[in-house]
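Make a model of the complete structure from these sequences and hints.
Quick mapping for you: the protein sequence lines, in order, are chains A and B. Sequential numbering from 40 applies to the first sequence in this note's numbering. Sequential numbering from 73 applies to the second sequence in this note's numbering.
Among these hints, one or two may not hold up.
What the hints assert, rightly or not - Chain A side only, calculated, beta carbon under 8 angstroms to chain B, not exhaustive: (1) Arg41; (2) Leu45; (3) Thr59; (4) Asn62; (5) Val65; (6) Ala76; (7) Arg80; (8) Phe122; (9) Met123; (10) Val126.
To be verified - Derived EDC-like pairs: lysine to aspartate or glutamate, alpha-carbon spacing no greater than 20 angstroms straight-line: (11) Lys137(A) - Glu341(B); (12) Lys129(B) - Asp87(A); (13) Lys56(A) - Asp46(A); (14) Lys125(A) - Asp111(A); (15) Lys125(A) - Glu341(B).
These are calculated hints, taken from the structure and not from any lab test. Computed from a predicted structure; not experimentally measured. C-beta atoms are modelled at their ideal positions from N, C-alpha and C, and glycine is treated no differently.
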Amino acid sequence: MRKILLDAAEEGMVLAKPVTRDNGMVLVAAGTPITAALIGRLRSMGIDRLVVEGEDPSRPAVDVQARIQRVDHLFRRFADDPFMTKVKTMLQRRLLHKAQAAATQGEEDAGNGSAH
Amino acid sequence: MPETDLRTEYQGRLLAVKELPSLPAVLEEVNALVENPNSSTEQISKVIAKDQVLSAKVLKMVNSPIYGFPGRISSIQHALVLLGFNVIRGIIISTTVFDAMNTAMVGLWEHSQGCAIASSTVARVIGCKDPEEYAVAGLLHDIGKVVVAVQMPEAKQSIDELVRQEDLRYIQAEQRVLGFAHDRVNLWMCNHWNLPPNLKEALAYHHKPMSASLYPKMAQVVHLADFLTRLYEVGSGGDDQVSALDPQVLRALGITAGAWEELLRQVEEAFAEL
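Laid out in structure tokens, this is it:
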């Protein structure tokens with residue numbers, strides 16, 4: 040699930056969340072496939088963001104090293120704190136595991152020829 | 073000048089009523105109604121609905137994913153019944169203060185919304201009742217920073233400089249410049265606005281959650297939520313560091329290794345919805 044700008048919406052994507060007005064009225068239900076006509080209709084109603092199914096394909100595992108470094112940066116003033124260091128190590132290990140799992144999953148999907 | 077006098081002087085300036093973000097007049101009327109056991113939610117919602125701009129803002133906020141009923145609340149009365157008066161009051165306060173002071177601290181509104189959704193997510197995962205009350209505590213947890221930024225802009229400037237020059241966390245810089253930090257200001261504001269004790273403890277103790285005596289759980293949840301919001305860098309609390317996580321909080325909240333993984337997964341999902 041990810042939030043995108045209406046301008047980035049493409050046919051074939053599927054709404055993961057309903058599109059609503061500010062007052063909560065549902066305009067389009069979750070699970071609706073996006074079509075060119077729907078994009079036009081949403082634009083005319085002043086909607087500029089959507090939540091669609093699937094992860095952003097342009098953000099694959101490449102980011103992991105950067106994210107791990109970023110966590111180092113966020114914890115930089117806690118180097119002398121054993122507990123915070125433990126928390127940091129645990130978070131970074133989790134990032135690595137997740138990236139590895141996603142990579143294996145990606146290979147399997149490629150083998151099966153499925154989209155995601 | 074001795075430190076305590078300085079503090080009293082600062083407190084006086086921060087509470088200088090004429091400049092203080094004044095809460096909408098309807099809120100006073102509503103407070104009076106709530107104290108009367110014979111009032112109905114219909115009466116209360118009518119008073120709020122008189123202020124159309126405020127009602128529109130409240131409805132927009134209660135329909136965000138933060139409060140657990142995204143896109144499903146169609147009237148103020150419905151919101152009052154589902155979320156309770158404390159939550160609606162917290163939302164009215166947050167829109168008033170942040171609206172008037174939107175530009176005072178860049179990124180703080182986003183940080184506050186992030187902390188709100190993280191607080192209700194943590195509360196839900198560990199099985200607290202009324203997670204939306206936790207959301208409001210998260211939403212208001214840094215309100216003291218806004219008040220200082222508006223009432224004492226020169227102090228805010230010195231704090232920002234210290235953060236930049238010495239790579240301090242915002243709270244450390246506040247302590248250096250003012251002798252106290254936003255958690256203290258939160259306490260003053262809670263007293264000033266007569267906020268309920270659970271909210272008051274969460275706001276005043278979110279940096280020392282193990283010292284909260286009446287409602288430790290709420291302070292602990294907001295403490296953890298603040299850390300997570302900084303970890304995922306949702307908005308900005310004034311510096312780009314994580315907050316110091318109290319080693320005792322995870323145990324106090326009963327979060328085991330397995331629950332921690334589930335918590336991170338749900339928090340990531342919640343942040344993606346914002």
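- Message: Output the indices of the hints that this structure fails to meet, ascending.
- Response: 2, 6, 7, 15
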